[in-house]
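Quick one: dock chain against chain with the hints and give me the complex.
Given next are the chains, with one letter for each unit.
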Amino acid sequence: MTDLSRRDLLAGAAGFLGGAALAGLPLAADGQGAAAPAAAGAAPAPPAPRPVAPLDATKMPGAPTAALGARSEYFAPTRIPNGTPVGSSRTPLQDLTGTITPSDLHFERHHAGIPTLDPERHTLTIHGLVDRPMSFTVDDIKRFPQITRTYFIECSGNGGAGYRDPKPDTTPQPLAGLFSTSEWTGVPLATLFREVGVKPDASWFLAEGGDACKLARSIPIAKAWDDAMIVWAQNGEPLRPAQGYPMRLLLPGFEGNSNVKWLRRLELGTKPWMTRWETSKYTDPMPDGTARIFTFEIDAKSVITSPCYPNTIPSHGWRSVNGLAWSGRGRITRVEVSVDGGTTWHDAELLNTPQPKSTVRFQYMWNWQGTDATLLSRATDSAGYVQPTRTAMIAERGEYTDYHYNQIIGWKVDRSGAVTFHGET
Amino acid sequence: MRITTALLTVACFAACGGGAKATADATNASFASYDAGAVPGGPGAKASYGLGHAAADSAIAAMNQDIGQDGVELPPGSGTVARGVVVYAAQCAQCHGAKGEGLPTFPKLVGRDSAGAPKPEFQFATTNKTKTIGNYWPHATTVFDYIKRAMPFAAPGSMSDDDVYAVTAYLLSANAIIPDTATLDAATLRAVRMPARDHFVPDNRKPTVTAK
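Those sequence lines, one after another, are chains Z and Y.
Positions 1 to 425 (our numbering) are the ones given, in order, by the first sequence.
Positions 1 to 212 (our numbering) are the ones given, in order, by the second sequence.
Keep in mind that the hints were calculated from the coordinates and are not lab data.
Check each hint, because a few of them may be wrong.
As the list claims (entries may be wrong) - On the chain Z side, residues computed to face chain Y include the following (Cβ under 7 Å): (1) Arg71; (2) Tyr74; (3) Phe75; (4) Thr125; (5) His127; (6) Arg149; (7) Ala222; (8) Asp226; (9) Ala291; (10) Arg292; (11) Gln355; (12) Tyr385; (13) Gly398.
Stated by the list, open to error - Stretch-level coverage of chain Y by chain Z, calculated; a stretch enters the list once three of its residues show a Cβ under 8 Å from a Cβ in chain Z: (14) 27 to 39; (15) 47 to 54; (16) 149 to 162; (17) 185 to 194.
Glycine included, each C-beta is placed from N, C-alpha and C at the ideal position.
Looking at chain Y on its own, in the form it has when it is part of the complex (with noise of 0.2 Å):
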C-alpha cells in the first residue's frame, strides 16, 4: 500500500508537473490575449454580449465636470481675488485656516519660501517642508477642478463656477501667484504658471536596479 502511494504520487508529479506550472504561469496573466466571447458558453470569439446601454449625452455632461490640464473644459463665469476672500472665509476658513495655514486635520494650502532661502524652494526630500498650492502644485487648472469636484467638505459641488473661479483667484493670490488685483476666469486661469510646474519628472525608478 505504501508502495502504491508513493508510486500514484510519482506519477503524478510526472503527469501533472507541466500542467501545474503551466497553471500556475497562466495565475494573475495578462489579460492581453483573453477573449471575453471565446469562453464555453459564449457567443463566439470577439463578438459582443450586447449588455449596458447607450449614455445619453446629457448623462454624461452631467457626471462629467474634469477640468484637464489644459483648461478647455473651464466654464463660463470668473471671480476677483476681493470675491475670493470673502468665499474663502465663508467656505474654507473652518477647515484650512483664515489665513490657508492648515488646522491638524486639514491641509495648508497657502505658503511660500521668503526670497533668499538657503535651499531652492522645491526641496521636499532631505528638508521637512510641507506643500502648499504655492510650493507644489503644478498645474492652476487643477486648483479650480479639485474645489469644484470635492468642496466644500461638508457639502461638495455646492459652489457656483463663479466662487470657485473666486477663491481660486484668493489662493493663487495669496501664494503670491498673481496679484491681488486680478480677476480670473477660463482664459485667465488657463494663463496661469505655477511656480512649481517643471519640477515633475516620469516615473525614473529602474525596477531592476536596487539603490546600493
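Bound conformation, chain Z alone (with noise of 0.2 Å):
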C-alpha cells in the first residue's frame, strides 16, 4: 500500500471489472472446471509463422552469449491463464519432458491476484498456542539449514474438464494443467515450530498469505510435524511470484490451495477456523446429502501426455506412450498402459525412481498399425489404491461433484491416426 495509491488501486480494479464484464470472461472466481470447457472447445491457435535458419548452420558464426537464455524459436509453449485477478493459468503438459515443470510455465491459481511483496518487508509471525510468539524475516528463515525435495502441487480441481462433460477436443492442458512439479527448497515447518515451542494442546493451525484476499486454511497440526515445509526456492531460484515468493507452505501430497503462498502468519489453535475456502470451496459434495470436508490428500492419478489431443500420429510403427503419474498419499508403485480400452492392461516403464508424493513419468512402447485404438493409463500408489474408472467414481460420488477428480482417462487414435480425449472410462 505504500507504494501504490489507493487511487492507482481502484483504477486498476475498476479497469479489470468493466474489461471483464465487457468480454463475458469465462467463469473464473467459482471454480476451475467451469473455466476450462471454455479453453477445451477452442479451436487451436494457428500456427506461428515458422523461424527461418540458415540451409547450413555450419557455414557461418552462430549467436552470442546472452545475459538469459531463451527457448528454441521452434519451441514456444505457452500457459492458458483466464486472464483474471481471480485466476488460473494451466501448464502445458502435453509439450513437457520427465518430471520437472519449467518455473515460468508452472500452474497458476490465486483468488485476488498476485501480489507484490518486498523480501526485505516480508515476514513470517507465528502465534497462538506457542511459548514465544515470534516473526521471521526472509533472511532469518534462509539462515536456518535448509532441505530440498521434490514434489507436485495439483489444484484439487484439476481434471474437472474431463469428468462432467468429456468433450474429444481437450489436450492435457485443461484436462489437467492445473499440476506442475518443481524442486523446492526451504526449511521443515516442524524446524520453526521447535523454535517457537508449541503448547501440547494446540491441534491445527491456520495458514495465511499476505495477499488481497488473505488466503487462509486450516491444517491439522500433523501435517507440520510430519513433512510440512516452509519454502523460498524453486529449481535452483527464489520462488516466482506467482508461485509465493518470498516463501510459501508447502504440504506435500496436500491439494494446492493449502499450500499457502506469499505465507506471512501462522497461527496455533484448537480447531480449524472454518474459512471461505475449506467450507464454501474445496469441500466436496457426495451423493448422499453430505459434503466432504478438509479432503486434503490428493490420490493416485496418471495421465498420458503423449500421444494426445490434436496430434495426429503420422505414420505406422513403434512410438513411445508416456505420461505423469502422481499420488498424494504415497509413491507411485505402478502404472498400466491400456491400447484397447481397457480389456487388457500392461506394466508400463516407470522412467524416475518413484519417491513419496512426488511425480514419475511412465512410458510403454507401443507398435501401432493404423488400427482403431484407444490409449488409458492406471495408476497405483503404495497405499494400494488404483485409479478408479470414470463410472465408478460417478456412482461413488455424483456426476456434479467437486474437487479431487482422479478418473481413469486416455486418447482415441482412429486410423487416420487423429487422437482425441476419451473421458468415458
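Set out below in C-alpha cells:
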C-alpha cells in the first residue's frame, strides 16, 4: 500500500471489472472446472510463422552469448491464463518432458491476484498456542538448515474438464494442467515450530497469505510434524511471484489451495477456523447429501501426455506412449497402459525412481499398425489404491461433485492417426 | 577392459544397492526424526538457532483478524439488514449483482430452494446447482470473516466493522436465514445457525480402496 496509492488500486480494479464484464470472460471465481470447457472447446491457435534457419548453420558463426537464456524459436509453450485476478493458468503438460515443470510454466491459481512483496519487509509470524510468539524475516528463514525436495502441487479442481462433460477436442492442458512439479528448497515447518515452542494442546494451525484476500486455510498440526515445509526457492532460484514469493507453505501431497502462498502468518489453535476456502470451496459434495470437508490428500492419478489431442500420429510403427503419474498418499508403485480401452492392461516402465508424494514419468512402447485404438493409463500407489474409472467415480461421488477428480482418462486413435480425448471410462 | 567394466558395475550394484535403496527411502521422508540442530556444524541436538525475533502483541493483533467458527473474536459494532441493503448496493452489487445473483466472473451469493422442491436442498453431487451462502455455507461466522478479510475486491479491508455486520445481515436475510428486521452484532451473529450446518462430514475416503 505504500507504493501504490489507493486511487491507483481502485483505478486498476475498476478497469479490470469493466473489462471482465465487457468481454464476458469465462467463470473464474467459482472454480476451475467451469473455466476449462471454454479453453477445451477453443480451436487450436493457427501456427506461428516458422522461424527461418540458415540452410547450413555450419557455414556461419552462431549467435553470441546472452545474459538470459531463451527457448528455441521452434518451441514456444504457453500457459492458458483466464486473464482475471481471480484466476488460473494451466501448465502445457503436452509440451513437456521428464517430471520437472519449468518455473515459467508452473500453473497459477490465485484468488485475488499476485501480490508484489518486498523480501526485505515481508515476515512470517507464528503465534497462538506457542511459548514464544515470533516473527522471522526472509533472511532469518534462509539462515536455518535448508532442505531440498521434489514434490508436485495439484489444484484439487484439476480434472473437472474431463469429468462432467468429456469433449474429444481437449488437450492435456485443460484436462490436467493445474498440476506442476518442482524442486523446492526451504526449511521444515517442524524446525520453526520447535523454535517457537508449540503448546501441547495445539491441534490445528491457520496459514495465512499476504495477498489481497489474505487466503487462509486450517491445517491439522500432524502435517507440520510430518513433512510440511516453508519454502523460498523453486528449481534453483527464488520462488516465482505466482508461486508465492518470497515464501510459501508446502504441504506435500495436499491439495494445492492448502499450500498457502505469500505466507505471512501461522496461528496455532485447537480447532479449524472454517475459512471461506475450506467450507464454501474445496469441499466435496456426495450423493448422500453430505459434503466431505478437509479432503487434503491427492489420490493416485495419471495422464498420458504423448500422444494426445490435437496430434495426428504420422506413420505406422513403434512410438513411446508416455505421461505422468502421482499420488499424494505415497509413492507410485505401478502404472499400467491399455491400448484397447481397458480390456487388457500392460505394465509401463517408470522412467525415474518414484518418490513419496512426487511425480513419475511412465512409458509404454506401442507398435501402431493403423487400427482404431483407445489408450488409457492407470496408476497404483504404495497404499494399494488404484485409479478408478469415471463410471465408478460417478457412481460413488456423483456427476456434479467438486474437486479431487482422479478418474482414468485417455485418448482415442482412429485409423487416420487422429488423436482425440477419451473420458468415458 | 569390457570385463573390468562389467565387474565394476556388478561390484557397485552389490556394494551400493542397499545404500541406494536407503537413500531412496529417505527421500521425501517424514521430518519426525529430523533435528535441525544436529546437522553438521549446527549447535547440537535439540538446540535452538536463536533466529527470529519476538512478535509484539500489537504486531500480531494488526494482522490477526480471524473470526473462527465459534465467533469469539467478533468485534464490537452492529448492523441492520436495512443498512446492509445500502452498503451492499454501494460495495458489492457491481460484481455480485443487484440481488446477489452473481455475474459470470463473480459468484452468486443468494439462493435457496423454494418449499416443496423435488430433491433435498443440499444435493450438489447429483444435481447441477449453484452453491450459495444460503444453501451451502455451514457457518455464519465465515461470512463475516471473509467480507472483512477480502472484500470489497477492489479495496479489501476498507469497510468498517459496522458495515461488515450490515452486509452480513443483508446476505443472511436475502437467503431467508434471518428476518429482514434483524440487527447483527457479535452475540446475534454467533447465534445464527446456517441451513447447511450439519451436512459436512470429515474426509471419509478410503485411501487403500478404489471405487468399483
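Status of the hints after comparison with the structure:
Hint status for Arg71(Z): violated, given a least beta-carbon distance of 30 Å to chain Y, over 7 Å. With its C-beta approaching chain Y no nearer than about 35 Å, Tyr74(Z) sits outside the 7 Å limit, and its interface hint is violated. Because the closest C-beta pair between Phe75(Z) and chain Y is about 30 Å apart, greater than 7 Å, the hint is violated. A distance limit of 7 Å between C-beta atoms decides the matter here; for Thr125(Z) the minimum to chain Y is near 5 Å, and the interface restraint holds.
The beta carbon of His127(Z) comes within 5 Å of a beta carbon in chain Y, closer than 7 Å, and the hint placing it at the interface holds. Contact between Arg149(Z) and chain Y, as hinted, is supported at the beta carbon level, the nearest pair being about 6 Å apart and thus within 7 Å. For the restraint placing Ala222(Z) at the interface with chain Y, the shortest Cβ-Cβ distance is roughly 10 Å, beyond the 7 Å limit, so the hint is violated. The interface hint given for Asp226(Z) holds, since its Cβ lies 5 Å from the closest Cβ of chain Y, which is under the 7 Å cut-off.
At about 5 Å, the closest approach between the beta carbon of Ala291(Z) and any beta carbon in chain Y falls short of 7 Å, and the interface hint on this residue holds. The restraint placing Arg292(Z) at the interface with chain Y holds, with a minimum CB-CB distance near 5 Å, inside the 7 Å limit. A distance limit of 7 Å between C-beta atoms decides the matter here; for Gln355(Z) the minimum to chain Y is near 5 Å, and the interface restraint holds. Because the closest C-beta pair between Tyr385(Z) and chain Y is about 6 Å apart, less than 7 Å, the hint holds.
At about 3 Å, the closest approach between the beta carbon of Gly398(Z) and any beta carbon in chain Y falls short of 7 Å, and the interface hint on this residue holds. Check on the stretch 27 to 39 of chain Y: 9 of its residues sit with their Cβ under 8 Å from a Cβ of chain Z, so the three-residue criterion for coverage holds. Here's how the stretch 47 to 54 of chain Y fares: 6 of its residues keep a CB closer than 8 Å to some CB of chain Z, so the rule of at least three is met and the hint holds. Only when three residues or more bring their CB closer than 8 Å to a CB of chain Z does the claim for the stretch 149 to 162 of chain Y stand; here the count is 6, and the claim holds.
Under the rule that three or more residues need a Cβ within less than 8 Å of chain Z, the assignment of the stretch 185 to 194 of chain Y is violated, with 0 such residues.
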